[in-house]
Structure formats: C-alpha cells, structure tokens
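Chains G and H supply the protein sequences, listed in that same order. The C-terminal position of the first sequence is numbered 342 in numbering that gives the first Met the number 0, with every residue numbered one higher than the one before it. The C-terminal position of the second sequence is numbered 324 in numbering that gives the first Met the number 0, with every residue numbered one higher than the one before it.
Derived by calculation from the structure, the hints in this document are not laboratory data. Because the structure is a prediction, the values reported are computed rather than measured. Keep in mind that the hints are not guaranteed to be accurate.
[Stated by the list, open to error] The list that follows gives simulated cross-link-like pairs (lysine to any residue, SDA-like), each with its CA atoms no further than 25 Å apart: (1) K333/G with K123/H; (2) K333/G with G102/G; (3) K222/H with R313/H; (4) K194/H with F318/G; (5) K194/H with Q135/H; (6) K123/H with E279/H; (7) K275/G with Q256/G; (8) K333/G with P191/H; (9) K99/H with A314/G; (10) K99/H with G109/G; (11) K333/G with A225/H; (12) K333/G with A134/H; (13) K252/H with P297/H; (14) K99/H with A289/G; (15) K194/H with V330/G; (16) K99/H with P103/G; (17) K32/H with A289/G; (18) K167/G with T275/H; (19) K99/H with K275/G.
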Amino acid sequence: MLLPDGTVAPGAKSGMEEEFLLEALRWMMKSRLYDQRVIALQRQGEFGVYSPGMGQEASIIGSAMAVDPARDWMVPQYRELMATVHHGLPLEVITAQYLGKIGPARIPDGVHVLPTQVSIAAQLPHATGLAWGLRLRGQDSVVIAYIGDGGSSEGDFHEALNLAGVVKAPIVFFLQNNQWAISTSRRVQSATRSFALRAAGYGLEGVEVDGNDVMAVYDVTSEAVARARGGGGPSLIEAVTYRMGFHNTTDNPSRYQDPKEYEEARLRDPIERVQKYLAALGLWDANREAALTDELRDENDRALQLARSAATPRAEDVFANVYQDPPPRLVRQKAELLDGHEA
Amino acid sequence: MTQRNIVEAINSALAEEMEADPRVMVLGLDVGKLGGVFRTTSGLVERFGSDRVVDTPLAEASIIGASLGLAIAGMVPVAEIQFLGFTAQGFHQLGPQLGKYRQRSRGRYHCQVTIRAPFGGGIKSPEFHSDAVEAQFVQTPGIKIVMPSNPYDAKGLLLEAIRDPDPVLYCEPDRLYRAGRSEVPDGGYTVPFGKAAVVREGEHVTLVAWSAAVELCMRAAEKLAAEGVSATVLDLRTLVPLDVETLCAQVVKTGRCVIVHEAPLSAGFGAEIAATLMEEVFYDLDAPVARVGAFDVPFPAASLEDYYLPSVDRVLTAVRRTLES
Chain G
0 MLLPDGTVAP
10 GAKSGMEEEF
20 LLEALRWMMK
30 SRLYDQRVIA
40 LQRQGEFGVY
50 SPGMGQEASI
60 IGSAMAVDPA
70 RDWMVPQYRE
80 LMATVHHGLP
90 LEVITAQYLG
100 KIGPARIPDG
110 VHVLPTQVSI
120 AAQLPHATGL
130 AWGLRLRGQD
140 SVVIAYIGDG
150 GSSEGDFHEA
160 LNLAGVVKAP
170 IVFFLQNNQW
180 AISTSRRVQS
190 ATRSFALRAA
200 GYGLEGVEVD
210 GNDVMAVYDV
220 TSEAVARARG
230 GGGPSLIEAV
240 TYRMGFHNTT
250 DNPSRYQDPK
260 EYEEARLRDP
270 IERVQKYLAA
280 LGLWDANREA
290 ALTDELRDEN
300 DRALQLARSA
310 ATPRAEDVFA
320 NVYQDPPPRL
330 VRQKAELLDG
340 HEA
Chain H
0 MTQRNIVEAI
10 NSALAEEMEA
20 DPRVMVLGLD
30 VGKLGGVFRT
40 TSGLVERFGS
50 DRVVDTPLAE
60 ASIIGASLGL
70 AIAGMVPVAE
80 IQFLGFTAQG
90 FHQLGPQLGK
100 YRQRSRGRYH
110 CQVTIRAPFG
120 GGIKSPEFHS
130 DAVEAQFVQT
140 PGIKIVMPSN
150 PYDAKGLLLE
160 AIRDPDPVLY
170 CEPDRLYRAG
180 RSEVPDGGYT
190 VPFGKAAVVR
200 EGEHVTLVAW
210 SAAVELCMRA
220 AEKLAAEGVS
230 ATVLDLRTLV
240 PLDVETLCAQ
250 VVKTGRCVIV
260 HEAPLSAGFG
270 AEIAATLMEE
280 VFYDLDAPVA
290 RVGAFDVPFP
300 AASLEDYYLP
310 SVDRVLTAVR
320 RTLES
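Can you make the complete structure from the sequences, with help from the hints?
The following block contains the structure:
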C-alpha cells in the first residue's frame with residue numbers, strides 16, 4: 000500500500016488518515032530512538048541484554064494501533080517493546096525489567112499486557128487460553144499475540160493455533176517474519192513458501208502483509224481484530240519485514256549475514272517511507288523531524304531515569320512472588336539468607 | 000454416611016466445586032461424554048455443559064498452557080493430563096511456565112490452575128502410562144505437588160487444590176482408583192496441604208510413603224505385626240509443601256525409617272526425605288535411613304512390572320535390615 004519510495008500504490012486506500020499516520024510515525028520513531036539509546040547504554044555496561052526492533056517498527060506499531068488498550072490484551076514475545084508501551088505499559092516499567100528491578104518492573108493493574116516471554120512460543124498457548132477465557136467470561140475482548148519466524152517452528156506454535164481454531168478463540172497471532180532467528184535464516188527455518196499459509200492447516204484466516212508498510216499492517220490487523228471480536232475466529236498474520244539490527248546485544252550478524260541483504264533492507268525502511276509520504280503532503284520536513292526527535296529523546300530519557308532511580312532489589316526479593324502463602328521450607332530458607340546477609 | 004472410591008471422590012469434588020463456583024471448568028482429553036479414561040469426570044458435561052467440560056485436542060502443552068491463560072482471564076481451570084508420564088510433552092508449560100508465572104510477572108499474575116494426572120504401575124498399562132515422575136516437578140519451584148492415597152483425602156485435597164491461588168499438580172494413584180470404598184462426606188471439606196497423616200502408629204520403625212505406596216506400606220505393616228514388629232505408617236499427602244515437622248517427630252519416635260516410593264530410586268523424592276532426616280534428626284536415629292523404590296531402569300514391559308515396583312517383600316527386607324543395625 001505505502002511503497003518504499005513513499006508513494007501510495009495506485010487505487011489503495013488505507014484506514015489510516017494523515018493525523019493517525021503522524022501518530023504512527025511518532026511511535027515508530029520513539030521505538031527506534033529507544034533502541035539506539037539503550038544499545039549505547041548496554042555498550043557502556045548500563046543496560047542488560049536487549050533485543051531491538053529496528054527495521055520492524057511498522058509491524059510493531061501498526062499492529063498495536065489496531066487493538067484497543069481498554070479492552071484488548073497483548074501477549075508479547077520480546078521484540079515488540081514499543082507495542083506493549085502503546086498498549087499502556089509505562090516505558091519506565093518495562094525499562095526497569097531490563098535493569099533487573101523487581102517491584103518497579105511489575106505491570107500495573109489495569110494494563111492488559113502479559114510479561115515478555117524468553118521461552119520461545121511458550122506465550123502462545125497462554126494467549127489462546129486467555130482469549131478463550133475472556134470469551135467464556137462474557138467480555139468482548141480480543142488478544143493479539145506476537146511470535147517470530149523462528150518461533151513458528153516450536154510445538155507450542157502448532158498447539159496454540161490448533162486449539163485456538165477449535166475453540167474459535169478471539170485472537171490474532173501476529174508473526175513478524177524478520178528473516179532471522181539469531182543466525183538461522185528464514186530459509187532454514189521452514190520449507191513453507193509463506194508462514195501465513197500455515198493458517199489453513201488450523202482452520203484460521205491467514206494473511207501475508209508487507210511488514211514495513213504501517214498502513215497495510217494496521218489495515219490487515221484491524222480486519223483480523225474485527226473478525227475475532229465478531230465471533231469469526233482467529234487469524235494468523237505474517238508481517239514480512241527485516242531485522243535491521245541484531246538478535247540481541249550479544250549477537251554479531253557480520254559472522255553470518257550478507258551485507259548486501261542489509262543494504263537492500265535499508266531501502267525498504269519502514270520509517271523513511273512514511274516520512275517521504277508525509278513530506279509530499281507538506282506534513283513533514285527536516286525541522287519537524289529534528290523537533291520530534293528531541294522531544295522523543297527527552298521522553299525516553301525521562302523513562303530511563305525513572306527506571307534507574309527506582310528501588311533496587313533487596314536480598315529478600317529472591318523469595319518474592321513465588322507462592323501466595325510460602326511453604327514453611329521457603330520461610331526458613333528466607334530467614335537463613337537474611338541472617339547470612341546481615342552477618 | 001456416603002461410601003466412595005477414589006474415582007467417585009474425585010468426581011464428587013469436581014461436581015460440587017463446579018456447582019459452587021461458575022468459574023471452575025474441566026478440560027483435557029476425553030473428559031466429556033466418555034467421562035475420562037478412568038471415568039473421573041463422568042456425568043459432568045451433561046450437568047455443566049460443553050463450555051465448562053471441554054474435550055481438547057490431543058496436545059498436552061496447550062492443555063496446560065491454555066489453562067494458564069484461562070486463569071488470567073478469571074476462570075479456574077482443572078485440567079486433566081491423561082497420564083502423568085505424558086506431562087513430558089507439556090513439561091515446559093507445567094514446571095517452568097505455570098511455576099514461574101507469578102514470579103516472572105512480579106506478582107501481577109497468579110495461576111489458579113489444577114493439573115490432575117493419574118500415574119503409577121500395577122495396572123499393566125503399557126510403558127509411559129505408569130511413570131512416577133513426581134520428583135521432577137519438585138525441581139520446578141512455584142507449583143505444589145499433591146499425592147492423595149485414599150478416597151477421603153482425594154476429595155479434600157482436590158478441593159484444597161482447586162481453591163489454591165497457586166498452581167497444583169495433583170497426582171492420582173490409578174492402581175487404587177477402585178480399590179475400595181470408604182467414608183467420603185457429601186459437601187465441601189478440605190484437607191490442608193503440608194499436613195502429613197499418621198495412618199498407623201507403631202513403635203519400632205516408621206514407614207514413610209505417599210500415594211499408592213501408602214497402601215503397600217499398610218500391607219507390609221500387617222505382616223510385620225505378625226512378626227511382632229510394630230510400624231508407624233506416615234502418609235506425606237503433599238511433597239510441596241513438605242511437612243518436615245511431622246516427618247521428624249514420627250521418625251524420632253521409632254528411631255528407624257524406611258522410605259517407600261514407586262519412582263526410580265536415584266534422586267527420587269526419598270532422597271530428599273533421607274537428606275532432611277540427616278539434617279534434622281541424625282542424632283535421634285538408631286539405624287541408617289533406608290529407601291525402597293523402583294529400580295533405576297525405564298518402566299519395563301507390563302509383564303515385568305511386579306519385579307520392578309517396590310513390593311511388600313522388598314519393604315520387609317529393608318525393615319529387617321534396619322532393625323538389625
């Protein structure tokens with residue numbers, strides 16, 4: 000729909016009006032600026048291992064803008080941080096998690112987001128159960144669950160999509176095909192021509208979309224959300240994009256990635272094409288970009304500062320949040336730790 | 000007074016709790032019209048409908064993982080895994096996911112989920128059906144592990160499990176499902192977790208067991224009585240939480256202890272019991288603590304299971320050796 004050169008495909012009409020697109024651009028830029036900032040901090044030893052979403056901002060933001068934070072639920076993997084922030088999770092809270100904080104990293108009550116999931120695809124059965132349960136509880140909520148091309152090889156992916164189809168759970172599985180699972184390329188991951196095709200095997204709707212086109216991502220996700228809410232069942236969306244960063248801050252793509260591929264991906268940058276499109280309409284220029292960049296950097300830095308200054312964990316937090324009523328053994332182990340800690 | 004076997008006791012707990020709490024639902028393989036392969040859920044789908052008694056696809060990880068999500072949505076799922084040995088195909092969702100979710104979410108979410116699973120040998124079922132893998136889950140903190148041995152406890156512990164805000168693995172001794180009826184009251188009562196039961200009092204040795212091994216120890220104690228040896232039989236009822244206090248008190252009373260379980264010996268939960276006794280009451284022991292378990296081989300063909308599983312004779316041998324030292 001929105002082509003890499005910033006023009007709209009002939010005859011295409013998005014549900015995203017200009018003002019809404021400016022809002023999307025703001026979030027996409029916020030995401031990239033945050034990635035750049037925390038990667039720098041990680042290199043300085045001030046931030047934990049981090050997986051940036053660079054290059055995937057249209058998928059991350061376009062999908063998040065299609066769900067309603069007031070009633071819908073978001074189930075992340077971990078490469079869509081700014082989607083969870085768009086869904087109501089304060090940036091300082093998710094940042095505190097990366098800094099190893101405990102209390103300050105708790106998702107606030109009323110925010111419909113589940114924790115990030117490091118055990119790949121394990122969140123998908125949870126998401127199916129959540130969507131199914133919300134319907135059983137009589138709510139008109141929809142769940143959006145994130146996964147990658149690598150994660151789609153896991154058994155949990157298959158089991159979760161299969162169950163969702165059977166119980167007609169109101170859920171949208173949003174697969175970001177960024178072409179890489181650490182160093183394993185999409186070609187090695189699966190012999191399927193398209194991950195979206197797999198939907199047919201589970202009785203789901205399957206849609207493939209240009210994951211670098213925020214308008215198209217928003218439109219197909221909105222359709223899938225409406226279908227799920229209306230009782231039409233689950234969907235699998237494959238957003239075809241490219242990981243312009245690395246798997247995480249420990250990774251080194253120069254060992255396995257063809258630089259030409261990266262250069263080609265840069266030409267399809269999801270942010271630049273929106274900026275070009277808006278510039279042609281007279282809604283974007285270098286001054287506006289500079290001003291918004293400053294504003295977003297300040298916003299991100301405020302969140303970083305809040306997370307840094309939030310309470311640091313204490314020894315007793317080792318035992319926090321394991322059971323509502325800890326067994327006597329745990330009570331004793333905690334006392335032993337605290338005795339030793341004070342001595 | 001109502002007499003029930005373990006199958007009927009479990010069915011009674013499920014039906015009463017579903018009646019009392021509309022959030023409670025049952026899901027798993029063949030739990031609907033069939034009533035489960037052991038008929039523990041018999042009659043529930045007719046009474047509560049297919050939204051609350053759900054035949055799921057044959058996929059353990061999603062039965063357990065979806066239960067976690069259902070709980071976050073506000074339901075109270077009671078999932079059946081057809082046999083405990085098949086939790087291997089959903090292990091990551093049970094121990095690592097259910098067990099860690101409260102901690103990983105910094106306390107924002109908890110999982111009021113019960114996973115029921117029959118297990119154990121003695122019914123000539125093939126291969127993986129019989130595996131006693133309860134100790135594997137002791138190494139995944141965050142879940143409670145419940146091992147009823149009789150109809151009364153089966154109902155009371157199941158009601159306690161369903162109402163517990165944390166995830167519970169509830170293991171059912173399939174060999175004893177229909178072994179006999181005893182008094183199981185109508186109406187809700189609970190048996191608290193972490194309270195071991197002294198099911199027989201003796202003076203010379205304390206037999207420590209859980210689940211079907213309790214019945215084995217009771218038969219061994221009868222034989223010992225004929226030889227003039229009086230044995231205490233202690234039913235731990237729950238492995239997590241563990242009733243260290245009663246365990247130690249009952250072993251100190253006799254000064255001798257034999258632990259009996261159906262799982263393979265090495266790193267079975269008996270090792271944990273023995274180590275605990277070493278730490279807590281070593282100087283009150285009159286003999287080394289002995290263990291009787293299954294052998295450290297995969298569960299053999301059904302034709303060999305009587306050789307593999309702990310037997311009354313093997314318990315008697317261990318007791319005699321303990322008494323001699």
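Quick check: which numbered hints come out false for this structure? Numbers 1, 6, 7, 11, 13, 14, 17, 18, 19 - these are the hints that the structure violates, sorted from lowest upward.
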